[in-house]
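There are 2 protein chains.
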Amino acid sequence: MESTTSTLLEQVITPSDLLTHWQGHRGLTRRTIEAFPEEAFFNYSIGGMRTFADMVMELLGIAAPGIKEIATGEIQELIEKVDHGNKKAKILELWDKATDEINTYWAQIKPEQFQQNIKIFGQFEGTVWSSIFYFIDNEIHHRGQAYVYLRALGIEPPYFYER
Amino acid sequence: MESTTSTLLEQVITPSDLLTHWQGHRGLTRRTIEAFPEEAFFNYSIGGMRTFADMVMELLGIAAPGIKEIATGEIQELIEKVDHGNKKAKILELWDKATDEINTYWAQIKPEQFQQNIKIFGQFEGTVWSSIFYFIDNEIHHRGQAYVYLRALGIEPPYFYER
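Those protein sequences? They're chains U and D, same order as listed. By UniProt numbering, the letter at position 42 of the first sequence is numbered 42, and the numbering carries on one by one without gaps. By UniProt numbering, the letter at position 65 of the second sequence is numbered 65, and the numbering carries on one by one without gaps.
Calculated from the structure, these hints are not laboratory results. Misleading hints may appear alongside valid ones.
Said to hold, decoys possible - In silico EDC-like links for lysine to aspartate or glutamate, alpha-carbon gap of 20 Å or less:
| hint | chain 1 | residue 1 | chain 2 | residue 2 |
| --- | --- | --- | --- | --- |
| 1 | U | LYS119 | D | GLU80 |
| 2 | D | LYS119 | U | ASP17 |
| 3 | U | LYS81 | U | GLU112 |
| 4 | D | LYS119 | D | GLU34 |
| 5 | U | LYS119 | D | ASP54 |
| 6 | D | LYS88 | D | GLU34 |
| 7 | U | LYS81 | U | GLU39 |
| 8 | U | LYS110 | D | GLU10 |
| 9 | U | LYS90 | U | GLU38 |
| 10 | U | LYS97 | U | GLU156 |
| 11 | D | LYS119 | U | GLU58 |
| 12 | D | LYS88 | D | GLU10 |
| 13 | D | LYS81 | D | ASP54 |
| 14 | D | LYS110 | D | ASP17 |
| 15 | D | LYS87 | D | GLU112 |
| 16 | U | LYS90 | U | GLU112 |
| 17 | D | LYS68 | D | GLU80 |
| 18 | D | LYS110 | U | GLU38 |
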């Protein structure tokens, strides 16, 4: 018990806290999607960049499949397009489905896996932790870009610090 | 030794890896500052947002002082303005100074501190890890916004995945 306790106390961040941290970010990204007018979500962009819809499809392609691959060891295909019929409701439905899948597969990741090497989606070499941090950082990066789109559209984005 | 080894193997991320991860992000932010034309860095913005210079001053106000507070226990004042004379070179000099300070003070943080509670800058309640993650996430968020500024200016930003 002594050693288990000290392991927990000396963790920078526990697996459970990292999941909560990410799902907090994912909740904020969901509110950012909600803040967009339907049409602008699928059509608006600045400087030749992708629409926020396109970025969100990338995030959907990475998050749940990435965690499934880490949990199961089965290489997942990176699919950055979904059939959304230009409906935010469809994207939000897929977002919520991904939220559940992430929670389910996360519970199957063993604590000793985070430091192990992985070639995620059969392509990107790193550790399990660095892959997950990439998923989160990439989401923050694109959501930050969506904040500029919203401001340019005259819409106030959700508070960054509210999770 | 057994227990120390297993502690390290079961860490999601070690303190040393978290520092390297953050300094990798800070290197990317530095290259993003470099990519801006001098004048646009201090004057350009979209949708009534702050200039990237203003955002970078916020990042400078948070990073080194925040880590100093965590390492020493001395509450730091949150100062989000610096005397830059509209010179990117001055900002980059402060950035590099902060890089060294972060490395110096990071080495003084004890492993068991990350899970402890802190009121950073005497204002924001959280744990040490959640405060540090906020510093990093906030930097990624604002740098993502700077990418839109650069694209709108017709400038290609540095690759997000290069650290």
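Verification of the supplied hints:
Of the pairs offered as hints, the one joining LYS119 of chain U and GLU80 of chain D is violated, with about 40 Å between alpha carbons and a cut-off of 20 Å exceeded. Under the criterion of a C-alpha separation no larger than 20 Å, the hint pairing LYS119 of chain D with ASP17 of chain U is consistent with the structure, at around 19 Å. In summary, the hint linking LYS81 of chain U to GLU112 of chain U is not supported, as the alpha carbons are separated by about 33 Å, beyond the 20 Å threshold. Only pairs whose Cα atoms come within 20 Å are accepted, and LYS119 of chain D paired with GLU34 of chain D is rejected, the gap being roughly 33 Å.
As the CA atoms of LYS119 of chain U and ASP54 of chain D are separated by approximately 38 Å, the hinted pair breaks the 20 Å bound. Distance restraint check for LYS88 of chain D and GLU34 of chain D: the Cα-Cα separation of roughly 8 Å lies within the 20 Å cut-off, and the hinted pair is therefore satisfied. Using a Cα cut-off of 20 Å, the hinted pair LYS81 of chain U and GLU39 of chain U holds, with the two alpha carbons roughly 18 Å apart. Under the criterion of a C-alpha separation no larger than 20 Å, the hint pairing LYS110 of chain U with GLU10 of chain D is consistent with the structure, at around 9 Å.
The suggested pairing of LYS90 of chain U with GLU38 of chain U holds, with an alpha-carbon distance near 11 Å, which does not exceed 20 Å. With a CA separation close to 27 Å, the supplied pair LYS97 of chain U and GLU156 of chain U exceeds the 20 Å bound. With a C-alpha separation of about 36 Å, the suggested pair LYS119 of chain D and GLU58 of chain U falls outside the 20 Å cut-off, and the hint is violated. With a CA separation close to 42 Å, the supplied pair LYS88 of chain D and GLU10 of chain D exceeds the 20 Å bound.
Distance hint between LYS81 of chain D and ASP54 of chain D is fulfilled; the C-alpha atoms sit about 8 Å from each other, no more than 20 Å. Taken as a hint, the LYS110 of chain D and ASP17 of chain D pair is honoured in the structure, with Cα atoms around 14 Å apart against an allowance of 20 Å. Between LYS87 of chain D and GLU112 of chain D the CA atoms are separated by roughly 41 Å; this puts the pair beyond 20 Å, and the hint is violated. Distance check on the hinted pair: LYS90 of chain U and GLU112 of chain U sit about 36 Å apart at the alpha-carbon level, beyond 20 Å; violated.
Distance hint between LYS68 of chain D and GLU80 of chain D is fulfilled; the C-alpha atoms sit about 16 Å from each other, no more than 20 Å. Note on LYS110 of chain D and GLU38 of chain U: the hinted pairing is violated, with a Cα-Cα distance of about 48 Å set against a maximum of 20 Å.
Checked against the numbered hints above, the structure violates hints 1, 3, 4, 5, 10, 11, 12, 15, 16 and 18; every other hint is satisfied.
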